[in-house]
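Construct the entire structure; sequences and hints are all you get.
One-letter residues, chain by chain:
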Amino acid sequence: GNSVTQMEGPVTLSEEAFLTINCTYTATGYPSLFWYVQYPGEGLQLLLKATKADDKGSNKGFEATYRKETTSFHLEKGSVQVSDSAVYFCALKLRGATNKLIFGTGTLLAVQP
Amino acid sequence: ETGVTQSPTHLIKTRGQQVTLRCSSQSGHNTVSWYQQALGQGPQFIFQYYREEENGRGNFPPRFSGLQFPNYSSELNVNALELDDSALYLCASNKGGETNEKLFFGSGTQLSVL
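From first to last, the protein sequence lines are chains A and B.
Counted the way our numbering counts, the first sequence spans residues 2 to 114.
Counted the way our numbering counts, the second sequence spans residues 1197 to 1310.
Careful, some of the hints might be misleading.
[Unchecked claim] Here are the simulated lysine to any residue pairs, SDA-like style, with alpha carbons at most 25 angstroms apart: (1) K1291(B) - K69(A); (2) K1298(B) - A54(A); (3) K61(A) - K1298(B); (4) K1298(B) - T21(A); (5) K1209(B) - K69(A); (6) K50(A) - G1292(B); (7) K1298(B) - P114(A); (8) K1291(B) - S59(A); (9) K1291(B) - L49(A); (10) K57(A) - K69(A); (11) K1291(B) - A1276(B); (12) K53(A) - T71(A); (13) K61(A) - P114(A); (14) K1209(B) - S1303(B); (15) K50(A) - G1224(B); (16) K50(A) - Q1222(B); (17) K1291(B) - T52(A); (18) K50(A) - N1267(B); (19) K61(A) - N1290(B).
[Claimed, not checked] These stretches of chain A come out as covered by chain B in the derived footprint (C-beta under 8 angstroms, 3 or more residues): (20) 43-52; (21) 101-114.
Bear in mind the hints are in silico, worked out from the structure with no lab data behind them.
Glycine included, C-beta positions come from ideal geometry on N, C-alpha and C.
So, in structure tokens, the structure goes:
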């Protein structure tokens, strides 16, 4: 079946450290891939996306590259800030008309000053 | 432009009861999706409404049902509540169609079933 696997948290980093959150997927066809972020008490917000192989999504210093050969979409940021503390979800969407996103279980990131 | 708003923010019910959750989609959006997010898990797709018709459904039993109104707002109804229905219920909207994939999520309704 279609699924997303992401590294378990929590991930605890010091400010300005390098961040990697791993995400791999299993899907039929060629899905679109997403990273969503959920700040405490808020809904999910789209952080970045990629719709085809080798595409790189980027936003607010975060990046992720769609790797078809390794079925991965790892999230990276060169220098994290305390304000980046949140839960990060990797997700995929199959081609089609619905808004059915398949999410991973989420990774809690805690950045300490 | 207002975002996606959900009501109520918190709700406590007992097993066997029925519940209705409400969602106002973002202005200009005609498609609404509902997700269930259990504690410590990622959101799971319940169903989607487009122009007042359900046009996509996840792996949820029929006691989960919905409505979409002409103004594109939506309701999620859950009958015969079970303890496992305790979760954060998220509503998301967009303009629909595959070319517009960005979903705008509300802050959710936290449902507790006792």
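Hints and how they fare:
1. In summary, the hint linking K1291(B) to K69(A) is not supported, as the alpha carbons are separated by about 28 angstroms, beyond the 25 angstroms threshold.
2. Distance hint between K1298(B) and A54(A) is fulfilled; the C-alpha atoms sit about 19 angstroms from each other, no more than 25 angstroms.
3. A distance of roughly 17 angstroms separates the Cα atoms of K61(A) and K1298(B); the hinted pair therefore holds under the 25 angstroms criterion.
4. Between K1298(B) and T21(A) the CA atoms are separated by roughly 23 angstroms; this keeps the pair inside 25 angstroms, and the hint holds.
5. A C-alpha spacing of about 45 angstroms is found between K1209(B) and K69(A), which places the hinted pair above 25 angstroms, so the restraint is violated.
6. Of the supplied pair hints, the one linking K50(A) and G1292(B) holds, its CA atoms being roughly 17 angstroms apart against a limit of 25 angstroms.
7. Simply put, K1298(B) and P114(A) have alpha-carbon atoms about 32 angstroms apart, too far for the 25 angstroms limit, and the pair is violated.
8. For the suggested pair K1291(B) and S59(A), the alpha carbons sit about 23 angstroms apart, so the restraint of at most 25 angstroms is met.
9. Taken as a hint, the K1291(B) and L49(A) pair is honoured in the structure, with Cα atoms around 18 angstroms apart against an allowance of 25 angstroms.
10. This hinted pair checks out: K57(A) and K69(A) have alpha carbons roughly 12 angstroms apart, not beyond 25 angstroms.
11. For the proposed pair K1291(B) and A1276(B), the alpha carbon gap of about 32 angstroms is over 25 angstroms, so the pair is violated.
12. Of the pairs offered as hints, the one joining K53(A) and T71(A) holds, with about 14 angstroms between alpha carbons and a cut-off of 25 angstroms not exceeded.
13. Under the criterion of a C-alpha separation no larger than 25 angstroms, the hint pairing K61(A) with P114(A) is consistent with the structure, at around 19 angstroms.
14. Among the hinted pairs, K1209(B) with S1303(B) is consistent with the structure: their alpha-carbon atoms are about 20 angstroms apart, no more than 25 angstroms.
15. About 22 angstroms separates the Cα atoms of K50(A) and G1224(B), which keeps this hinted pair within 25 angstroms; it holds.
16. For the hint linking K50(A) to Q1222(B), the alpha-carbon distance of about 21 angstroms falls within 25 angstroms, and the restraint holds.
17. Taken as a hint, the K1291(B) and T52(A) pair is honoured in the structure, with Cα atoms around 18 angstroms apart against an allowance of 25 angstroms.
18. For the hint pairing K50(A) with N1267(B), the CA-to-CA distance comes to about 29 angstroms; that exceeds 25 angstroms, so the pair is violated.
19. Between K61(A) and N1290(B) the alpha-carbon distance is near 22 angstroms, which keeps this suggested pair within the 25 angstroms criterion.
20. Figure legend: the region 43-52 of chain A, annotated as covered by chain B; annotation consistent (7 residues with Cβ-Cβ distances under 8 angstroms, at least 3 required).
21. Under the rule that three or more residues need a Cβ within less than 8 angstroms of chain B, the assignment of the region 101-114 of chain A holds, with 7 such residues.
Violated hints, in rising order: 1, 5, 7, 11, 18; the structure is consistent with all others.
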